[in-house]
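> What follows is each chain in one-letter form.
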Amino acid sequence: MNSRRVIFASAALAAGLVLGSAAGFAASAEKGKQLFLKNGCWQCHGERGQGGVAGRTLAPNPLPFEALQNFVRTTNRAMPPYREQILSNDDLADIYAYLQSIPKGPDPKSIPLLNQ
Amino acid sequence: MARKGSGQKESGPNAKGANVSRRNFMAGVAVAGAATAVSPQDAAVAAPVADLNDAPARSPSALRPDARMAAAETGVPKELAKSQGPDGSDFMVDVIKTLNIDYVCSNPASSFRALHESLIDHGGNKKPEFITCTHEESSVAMGHGYFKATGKPLLMLCHGTVGLQHATMAIYNAWCDRVPVICIGGTDIDAAYRAPGVPTFHSALDINAIVRDFTKWDDQPVSLQHFAQSMVRAYKIAMTPPHEPVMIALDLGLQQEPMREHERESIYIPKYVPTAPPQGDTGAVREAARLLANAERPVIVADRAARTPNGVRLLVELAETLQAPVVDQRGRMNMPNTHYLNQTGRGPALIANADVVIGLELSDYWATVNGFVDNGLDGIGINEAKTKPGAKLIGINSTPLVTKSNYQDFQRFQVLDVDMVGDAEATLPALIDAVKAALPNDRKAALEKRGEALKKAYADGRERTRAAAAVAWDASPISTARLSMEIYGQIKDLDFSLVSSSGNVSGWPNRLWRMEHHHSWLGSSGGYGVGYGAPAAIGAALGNRDIGGRFSVNIQSDGDLMYAPGVLWTAARHKIPILSVMHNNRGYHQEVMHVQRLANRRNRVAALGMDRSPIGTSIENPDIDFANLAKSMGYWTAGPIKDPDQLGPTIKKAVEVVKAGEPALIDVWTQPR
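Going line by line, the protein sequences match chains A and B.
The first sequence begins at 4 in this note's numbering and counts up by one.
The second sequence begins at 9 in this note's numbering and counts up by one.
What the hints contain is simulated information worked out from the structure, not anything from laboratory work.
One should not assume that every hint holds.
[As the list claims (entries may be wrong)] Listed below are several chain B residues computed to face chain A (Cβ distance under 8 Å; list not exhaustive):
# : residue
1 : Ala-480
2 : Gly-497
3 : Met-601
4 : Ala-614
[Claimed, not checked] Estimated spans, in silico, between C-beta atoms of each pair:
# : chain 1 : residue 1 : chain 2 : residue 2 : range
5 : B       : Asn-318   : A       : Ser-104   : 49 to 57 Å
6 : B       : Asp-221   : A       : Gln-88    : 41 to 49 Å
7 : A       : Phe-74    : B       : Met-618   : 25 to 33 Å
Ideal Cβ placement from N, Cα and C applies to all residues, glycine included.
With these hints in hand, go ahead and build the complete structure from the sequences.
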């Protein structure tokens, strides 16, 4: 990715935070889903970002993009960092758009199996 | 090896009408040879002293054998004649029967053929009954699961070389999980008279060497009296906490030959009398009680603390006496998850804030109070203390009594303030009494207040867990929370026993099922050797079947089942009722992240090849049809199920099959974890 596009993406994402949606800046939830699978995010966080013993819940209601981006780039926790060389800002924005697109699940109180 | 020179009459090979055993035949050869040959000493004296300068060639160092000696050394030994007196292996079965062992799990082999024959014919195939296994790893793991369901050890028979090599991983799991399995390996020690070819490939000088680093004791008896003592000793050592596997090498000659004449008069079977488990030192118990009684934020951490149902009761009593939270590391079912003092979900926060931590039979105390993060560019990870400075650490653990050097299951070294070597369950009564005596009268209100706060935290935690389970409830592949709760919906009114590890499904059963009994949850493998799950679950189901009234349920990982799927046949063959629901995520997900981690560290995109996860970590293309696999071995089966709404009705049908006494397996495509 060239530097011009990085600047654009960063600016767009920053603006997206203000507007509450990175997907509004050409980030693609559909492409993001493919990237979520291709880059192995689903292996720990589940295909819908539901989380589990290996990774925290990402969706619904994902972290603000800036916080997510900062964590993905620099994490020193159990998750290995994904630097720009292997996951571009554009791709990360698409992944974020996918996480935002995941609908909220049913109310646990409405699920009989969770209330036995 | 031992039989030569026994009290039996020795006869030469040419003696007419001699009714000799293989070993006596050999002894006869030795005697006959001595009568005609010249000893090396005599030969040396008789030979002229050679002038080294004149002698054209050296004399031979020994005389050439005559025709009869050559025939004896190179010929094929005679077939075994009918034995006189009781058969050795019949006596061995008599010994085994005194130990009240229910089953012997085994893949048949020539090196224990005599014991095998005696078990089924002399012993009537009862106590123990022969369970046909298709892999030695399955034999051991079945014994592993059986013990955790019943508290009784099983016998495992195998070839001492190739069979034992198959069995080693399962023995290591049992070692790490503190579980007794009585292992016997057949071997034919007598190199001159054992059959050549395959049986000789399958013999070794010291078969036990391969497992000596992870068995508590081993022996190689050389007489039947020795066997009787070894067998009872092995059982006693295995069944004394800390429980561990033991190993006996059993010579085929000893099995096949008749009892020696002198043994017929004097042989005896030692009586098994259980050994009392070791307890923590009285002074150390008092000091631990003083620290706990005066602590503001004590935390109890339990791993393999509850060896028996009484251990659960004792742990609850200690926790209630202190109104202290319990973090259950789930090596066993230690603390009912319906009790408000079970605060496992808050473990890291509680330990970080604790002023006193007591660890009961922890497999890794260091990792309980420290953190290791497998991250960082240097590749050596990040180490972090989890506790506050000044926090007091107490430990009760029997494992140091059996610590060895080679395998590193003793984990990192952790300094403790009060360190008791002893069995936790055996020490708890004294500790509870000491805590009650040490609690100041004015602490009562503070303890009540602590208990009320923990009740609220428990209720809040349950709500958070339910909310987390609801996320991706309708996902396909099916979420592990949905999988777990659909199973629970069909078995919740039964006296169930979860006979498999639930770690691979994010621990949902431990978090949301009602688990109040020691048998509700049997822990995991111990050594994390993949392939434990299926056979251990079936072994536990065998025990639950015999106890009666317990419903065995197994959440079965795909990778684990593929190690030795033949154990499914064993379950069908022996009518072992068990419900197995596949957690078929089509990958080795523990390993996925290791490859991903290294790729990220090196700024490379991990290659997926034709799969969804890094090359070498997936189990797809082609997808395994587990339903047909199990069906081919006699199971009732269904699946693969990918629609979560189909899961409940299918499990309901399978439950009825299992209640009727048959095994059933449902293949389910699931989310990774």
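> All hints are to be evaluated individually against the structure, with a verdict given for each.
The hints, checked one at a time:
1. With a cut of 8 Å, the hint placing B:Ala-480 at the interface with chain A holds, because the nearest CB-to-CB distance is about 4 Å.
2. Contact between B:Gly-497 and chain A, as hinted, is supported at the beta carbon level, the nearest pair being about 5 Å apart and thus within 8 Å.
3. At a threshold of 8 Å, the smallest CB-CB gap from B:Met-601 to chain A is about 6 Å, leaving the interface hint in force.
4. The restraint placing B:Ala-614 at the interface with chain A holds, with a minimum CB-CB distance near 7 Å, inside the 8 Å limit.
5. Range check, B:Asn-318 to A:Ser-104: Cβ separation about 53 Å, and the 49 to 57 Å hint holds.
6. Separated by about 44 Å at the C-beta atoms, B:Asp-221 and A:Gln-88 satisfy the suggested range of 41 to 49 Å.
7. Restraint check, A:Phe-74 to B:Met-618: a C-beta distance of roughly 31 Å satisfies the suggested window 25 to 33 Å.
The structure meets every hint from the earlier list without exception.
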